[in-house]
Amino acid sequence: MAVKKEAHHKYRVVGTRPIRPDGIEKVTGRALYGADYYFPGMLFGKILRSPYAHARIKSIKFDKALKLPGVRAIVTADDLPEADRKPQQMGEQQVSPYYLSCNVLARGKVLYDGHPVAAVAATSPHIAEEALRLIEVDYEPLEPVMTADEAMKPGAPILIDDLRNQEEGPDQPTNVATHLQFKRGDLAAGFDAADCVIEREFRTATVHQGYIEPHASVGIWNPDGHATVYTCTQGSFTVRTLATKVLGMPEGNLKVVPSEIGGGFGGKTTIYCEPIALLLAKKTGHPVKVTMSRSEVLRATGPTSGIHERVKIGVTKEGRITAAQVWMAYEAGAFPGSPMAPGAMTVITSYDIPNLLIDGYDVVVNRPKTCAYRAPGATAAAFGVETVLDELAEQIGIDPLDLRIMNGAHEGTQQPFGPVFKRIGFIETCEALKASEHYNSKLTGANRGRGVAAGFWFNAGFQSSASVYVNQDGTASVVTGSVDIGGSRASMAMIAAEVLGLPIDEVRPVVADTDSIGYTDVTAGSRVTFATGMAVYNAAQDVVRQLKERAAKMWECTPDDVEFDNGVLRTRGDVLQPQQLTLKELAARFIRTGGPVVGRASVSTGGAGAGPAFAAICVDVEVDPDTGKVQILRVTIAQDVGTAIHPSYVEGQLQGGTAQGIGWALNEEYVYDSKGVLRNTGLLDYRMPTCLDLPAIETILVEVPNPTHPLGVRGVGEVSIVPPPAAIANAIYRATGVRMRELPMSPPRLMKALQEHRNSREGQAAAGR
Amino acid sequence: MAKRTLVETVINNEPVELLCEPRQSLLEVLRDELHMTGTKEGCLTGDCGACTILVDGRPVCSCLMLGVEAQGHKLETIEGLATGAELHPLQRKFLEHASLQCGICTPGFLMSAKALLDKIPRPTEAEVRYHLAGNLCRCTGYDKIVRAVLDAARESG
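Chains as they are written, first to last, in our numbering: chain A, 1 to 769; chain B, 1001 to 1157.
Be a bit skeptical, because a hint or two may be false.
What the hints assert, rightly or not - When the alpha-carbon atoms are kept at most 27 Å apart in a straight line, the in silico DSSO-like pairs for lysine-lysine are as follows:
| no. | chain 1 | residue 1 | chain 2 | residue 2 |
| --- | --- | --- | --- | --- |
| 1 | B | Lys-1003 | B | Lys-1074 |
| 2 | A | Lys-67 | B | Lys-1003 |
| 3 | B | Lys-1003 | A | Lys-64 |
| 4 | A | Lys-584 | A | Lys-553 |
| 5 | A | Lys-584 | A | Lys-548 |
| 6 | A | Lys-553 | A | Lys-109 |
Stated by the list, open to error - From the derived model, a few chain B residues whose C-beta atoms are all more than 12 Å from chain A:
| no. | residue |
| --- | --- |
| 7 | Gly-1057 |
| 8 | Arg-1058 |
| 9 | Val-1068 |
None of these hints come from the bench; they were simulated from the model. Beta carbons: idealized from backbone N, C-alpha and C, even for Gly.
Work out the full structure, taking the sequences as your base and the hints as a guide.
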């Protein structure tokens, strides 16, 4: 893997590739994930789900189910307090506790196939399942609304009776929760100044994060009202906030213990099983484990939105973009809250464009409530823009990467929603891809084509806490509240080791529960290595400060007279008699110099201080003209990663996001029947890429340090998913002459497009004869 | 409640007697009855490979086999892959190559890869990708997994 060295030559640990400290437990099967907890007397919970996409619940009868031997309790929405309707800031997200509660257990209406209606606790999972079949729910089916287009039509069936938006006013029931607009310059004048204007329409499908670990939680309720939940989540503090709001209990009464997490990609940033496990535990007095099956995961957790997008862009013949207009409607699922806003904030932000108009709509439909998915909103949005840019580059006869470089955002460019970019590496990223061996290689053979595309994603800041403890043997432990989803323990240990001058295997990283560390936001938004890493850096510096004080006390000087370098404390030679002490030697004397050394820090980093990331990708494909199947022959991704703390895990983020983007491009989609029932509820039919579908994924790490982070770290986790769908569409065009504007570009859809293309060519040929 | 049946089997070279219901899958028996939670559940339909174990040396999705069918067979699970304190070369290579991110698919991949290397000690990249296609990983894009398996084969070959 190519690494462009810019940053880490000055570091000792940062930039190396040690074995991750939690790795041994994960290759031996000892690591405990969400479903791996067992407690004495534990019961098993199962959830009854709606078979209808849209229906009123007239009654729920569960007497028969309760009589089944082994059944201990049944809960419905009646067991939850009616939550506050007003949206509140909960962790990083604006959430209406009422909608959240209605999604945990349906109240009055079911709004999607799989919507939870009741839950059972029993002595075995099989008994709990039998009990579900004995619960009688009387539904009044209503007409389902499955797409944003249908939901926005006048007279469409209304999902949520009291939903209103500002434009339509307080008296107009609607399915449109929000309309967001960004404007800049004079759009009409911008298009007038263009030599070439292209306007196209795009559609993308609902897709799921596809983490391999289904959701699982164990609830334990104490008679004093304090409770504990073991759960696989990206944010233990977020679970604490959300679950206590839904359950109507004081936030401090719930301890959330994060298990190891088997993937999340944004999908484990809200609550599903947690309040149900707690409610059943409260009702039975036993620990209760609630696990989802795969079909429950697909039917009823949060995938990301399908969107409808219109893109219009104008360029001069020299390649300068003069104006861009984007209109997007996002399917939020059953409750408001699609990633429309981040979609609108990222859709064309990679480019410096004088005249802009971006409109975004958040629309409720009878699908599961969407949740975050890696660079939420950005991938679907970029599909349209990056495809139109490819067409424009072709029209004016310019290299598609040059078009991006020529118009690329750089330090000082204002983003469509206001903030001005600090030092970023978009242009460097495109240039690195353009200089790659892959882009300069020859692609030969029939039905083959090469495509490129780029993408942008933010780096969320938010809040993090960290503690660093120095042990009396001179080793250290680093405690954070950030769930480790992809190797972040290694990065945290490396950052502390770098500051303290310790070897990496003498620093032990710990992910603590909500009672054992300060508040820390979710592992999401590419923020852990950036923000929690900053907290760890500061906590380690706090240790260094205290070590200097201890040494100064022993040497009868001031802390300012003590230097710390690579684990050794020294008096500054110019002022004093030379003295020297290693961290280890000093640690052995903690007992006589004031007790253990505890470093701590917390940060609240605004988004503005964070380091956004850009990616550009080059894909070679071969299209089977008889089946429409697309084979990825070669793929290279370049990304502006800031300082790569552990390059292997940074590469892993680029590779994993690319693979997900390829799945999104080629196969993955939710398939609903005419009644709104999901038909592909398993991993055979919800087709994610296997290792046979993919080639090696080549990475180029472009290290442009983030000036706002002490080590130059940027968020690296998400942006790699953004460019693949457009790059593949562009490659398919070069292979076949067909422009695909709907995802996924699955064999049947591509076959149909190829057939139409052949027919129209034959038609033209016939007309020409 | 369904009547429980006595099953005599061998797990990781240890004879094991256990009681299970006929309706319990082998995966369920390993996890819920024996608390051997290294074998993971990802789908329960044989599509993801997270629950892969070896039955008489062959890779099997333990979610597709009943517990009672383990009678008289030799099972190998992730818990038995290392020999005492010594990691299996595949385990070591997965760590060295950073082949896992979340790690939930790792036990299944290691067992499938072991079955492959037991059968084909020096596979090509294409053979590795073919034989591991029944295991889904959503984090890594497979690149570093394939490299680790090839490297393990190279080292032990």
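Each hint tested on the structure:
This hinted pair checks out: Lys-1003 of chain B and Lys-1074 of chain B have alpha carbons roughly 24 Å apart, not beyond 27 Å. The suggested pairing of Lys-67 of chain A with Lys-1003 of chain B holds, with an alpha-carbon distance near 20 Å, which does not exceed 27 Å. Pair hint Lys-1003 of chain B plus Lys-64 of chain A holds up; C-alpha atoms about 23 Å apart against a cutoff of 27 Å. Of the supplied pair hints, the one linking Lys-584 of chain A and Lys-553 of chain A holds, its CA atoms being roughly 17 Å apart against a limit of 27 Å.
In summary, the hint linking Lys-584 of chain A to Lys-548 of chain A is supported, as the alpha carbons are separated by about 13 Å, within the 27 Å threshold. Taken as a hint, the Lys-553 of chain A and Lys-109 of chain A pair is broken in the structure, with Cα atoms around 69 Å apart against an allowance of 27 Å. Non-interface call for Gly-1057 of chain B relative to chain A: holds, since the shortest CB-CB distance, roughly 19 Å, exceeds 12 Å. Listed as a non-interface residue, Arg-1058 of chain B keeps its Cβ farther than 12 Å from every Cβ of chain A; the least gap is roughly 19 Å.
For Val-1068 of chain B, the condition that its CB be more than 12 Å from all CB atoms of chain A holds, with the nearest at approximately 14 Å.
Checked against the numbered hints above, the structure violates only hint 6.
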